[in-house]
Amino acid sequence: MQDSPRPSRVENAGGMQDFQSKIRTLENVPARYRNYPDFDALTIDPAHGGHPTPKIIREAMAAAEADLSGKVTGPVTRPAEGYIDFYDGDGHPFDIKTPLSPLKTDKWEFDAPRNAETVLRQLDKDYPNKQTGEKEPVRVLLDTTYMTSADRTALWHELNKRTKENRSILNNISEVNVDLGVKTRPNPVLAKILSAARGR
Numbered sequence: 385m386q387d388s389p390r391p392s393r394v395e396n397a398g399g400m401q402d403f404q405s406k407i408r409t410l411e412n413v414p415a416r417y418r419n420y421p422d423f424d425a426l427t428i429d430p431a432h433g434g435h436p437t438p439k440i441i442r443e444a445m446a447a448a449e450a451d452l453s454g455k456v457t458g459p460v461t462r463p464a465e466g467y468i469d470f471y472d473g474d475g476h477p478f479d480i481k482t483p484l485s486p487l488k489t490d491k492w493e494f495d496a497p498r499n500a501e502t503v504l505r506q507l508d509k510d511y512p513n514k515q516t517g518e519k520e521p522v523r524v525l526l527d528t529t530y531m532t533s534a535d536r537t538a539l540w541h542e543l544n545k546r547t548k549e550n551r552s553i554l555n556n557i558s559e560v561n562v563d564l565g566v567k568t569r570p571n572p573v574l575a576k577i578l579s580a581a582r583g584r
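All you need for our numbering is the position in the sequence shown, starting with 1, plus 384.
Careful, some of the hints might be misleading.
What the hints assert, rightly or not - Straight-line Cα separation of at most 20 Å, SDA-like style, residue types lysine to any residue; simulated pairs:
| # | residue 1 | residue 2 |
| --- | --- | --- |
| 1 | LYS509 | SER533 |
| 2 | LYS488 | GLN404 |
| 3 | LYS509 | ALA415 |
| 4 | LYS439 | LEU484 |
| 5 | LYS406 | ARG390 |
| 6 | LYS545 | ASN561 |
| 7 | LYS491 | MET400 |
| 8 | LYS514 | GLY565 |
| 9 | LYS439 | THR457 |
| 10 | LYS509 | THR532 |
| 11 | LYS481 | ILE428 |
| 12 | LYS488 | SER533 |
| 13 | LYS509 | GLU549 |
| 14 | LYS514 | ARG390 |
| 15 | LYS439 | ARG546 |
| 16 | LYS439 | ASN561 |
| 17 | LYS481 | LEU554 |
| 18 | LYS481 | PRO391 |
| 19 | LYS481 | PHE423 |
| 20 | LYS488 | MET400 |
| 21 | LYS514 | PRO430 |
| 22 | LYS509 | SER552 |
| 23 | LYS519 | LYS488 |
| 24 | LYS481 | PHE494 |
| 25 | LYS439 | LYS514 |
| 26 | LYS509 | THR547 |
| 27 | LYS406 | PRO391 |
| 28 | LYS439 | ASP495 |
| 29 | LYS439 | ALA425 |
| 30 | LYS491 | GLU549 |
| 31 | LYS514 | GLU542 |
| 32 | LYS481 | GLU395 |
| 33 | LYS514 | GLU549 |
| 34 | LYS406 | GLY475 |
| 35 | LYS439 | ALA415 |
| 36 | LYS481 | GLU542 |
| 37 | LYS509 | THR482 |
| 38 | LYS548 | ASN561 |
| 39 | LYS509 | ALA538 |
| 40 | LYS519 | GLY454 |
What the hints contain is simulated information worked out from the structure, not anything from laboratory work.
Working from the sequences, and respecting the hints, build out all of it.
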């Protein structure tokens, strides 16, 4: 039996929730992912009629990033059937979860219990390895690009709370942040403080 992928965590959530709605078509995809081998094939999900919806495009970016950043063995590929989201290069089955934090102007709040439940429901499933044909636990690729750090912390609190009897199941979660090519602007107040501290 092949070794399972080692779990990996991001340092912080991406905090890019305001960009989630901007990834709507293949033209919105950064070159880093458009240039990934067979990226267009990753945007075809049999579970959604084979059309590249915004959700499927974001999933494809997350799967490609998992390979590009060494979180999984590549190349990543879509399955012929829509029960999982992708296989890694060793044939391990993965589902992708992309939680979204609200914008400051939104009137809804992040629902950590509901999001934890959707992750754990996937972790409870088995699916055949693409190479061996043997059933194995489905892994989850957690795309935290569009989350705040506070919501990511709340989600992990819920995941830990609900897995007290079998914490090892969380080893089947790997996190990733996609690179949207957006440079964060420096905080002008912080820049002023740092400048004063340096005597400039």
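Comparing the hints with the structure gives:
| no. | hint | verdict |
| --- | --- | --- |
| 1 | LYS509 <-> SER533 | violated (28 Å) |
| 2 | LYS488 <-> GLN404 | holds (14 Å) |
| 3 | LYS509 <-> ALA415 | violated (34 Å) |
| 4 | LYS439 <-> LEU484 | holds (12 Å) |
| 5 | LYS406 <-> ARG390 | violated (32 Å) |
| 6 | LYS545 <-> ASN561 | violated (24 Å) |
| 7 | LYS491 <-> MET400 | holds (18 Å) |
| 8 | LYS514 <-> GLY565 | violated (33 Å) |
| 9 | LYS439 <-> THR457 | violated (23 Å) |
| 10 | LYS509 <-> THR532 | violated (28 Å) |
| 11 | LYS481 <-> ILE428 | holds (17 Å) |
| 12 | LYS488 <-> SER533 | holds (14 Å) |
| 13 | LYS509 <-> GLU549 | holds (17 Å) |
| 14 | LYS514 <-> ARG390 | holds (18 Å) |
| 15 | LYS439 <-> ARG546 | violated (27 Å) |
| 16 | LYS439 <-> ASN561 | holds (15 Å) |
| 17 | LYS481 <-> LEU554 | holds (14 Å) |
| 18 | LYS481 <-> PRO391 | holds (15 Å) |
| 19 | LYS481 <-> PHE423 | holds (19 Å) |
| 20 | LYS488 <-> MET400 | holds (12 Å) |
| 21 | LYS514 <-> PRO430 | holds (16 Å) |
| 22 | LYS509 <-> SER552 | holds (15 Å) |
| 23 | LYS519 <-> LYS488 | violated (43 Å) |
| 24 | LYS481 <-> PHE494 | holds (14 Å) |
| 25 | LYS439 <-> LYS514 | violated (24 Å) |
| 26 | LYS509 <-> THR547 | holds (15 Å) |
| 27 | LYS406 <-> PRO391 | violated (29 Å) |
| 28 | LYS439 <-> ASP495 | holds (19 Å) |
| 29 | LYS439 <-> ALA425 | holds (15 Å) |
| 30 | LYS491 <-> GLU549 | violated (35 Å) |
| 31 | LYS514 <-> GLU542 | violated (31 Å) |
| 32 | LYS481 <-> GLU395 | holds (18 Å) |
| 33 | LYS514 <-> GLU549 | violated (30 Å) |
| 34 | LYS406 <-> GLY475 | violated (31 Å) |
| 35 | LYS439 <-> ALA415 | holds (18 Å) |
| 36 | LYS481 <-> GLU542 | holds (15 Å) |
| 37 | LYS509 <-> THR482 | holds (18 Å) |
| 38 | LYS548 <-> ASN561 | violated (27 Å) |
| 39 | LYS509 <-> ALA538 | violated (24 Å) |
| 40 | LYS519 <-> GLY454 | violated (24 Å) |
Going through the hint list in order, the structure does not satisfy hints 1, 3, 5, 6, 8, 9, 10, 15, 23, 25, 27, 30, 31, 33, 34, 38, 39, 40.
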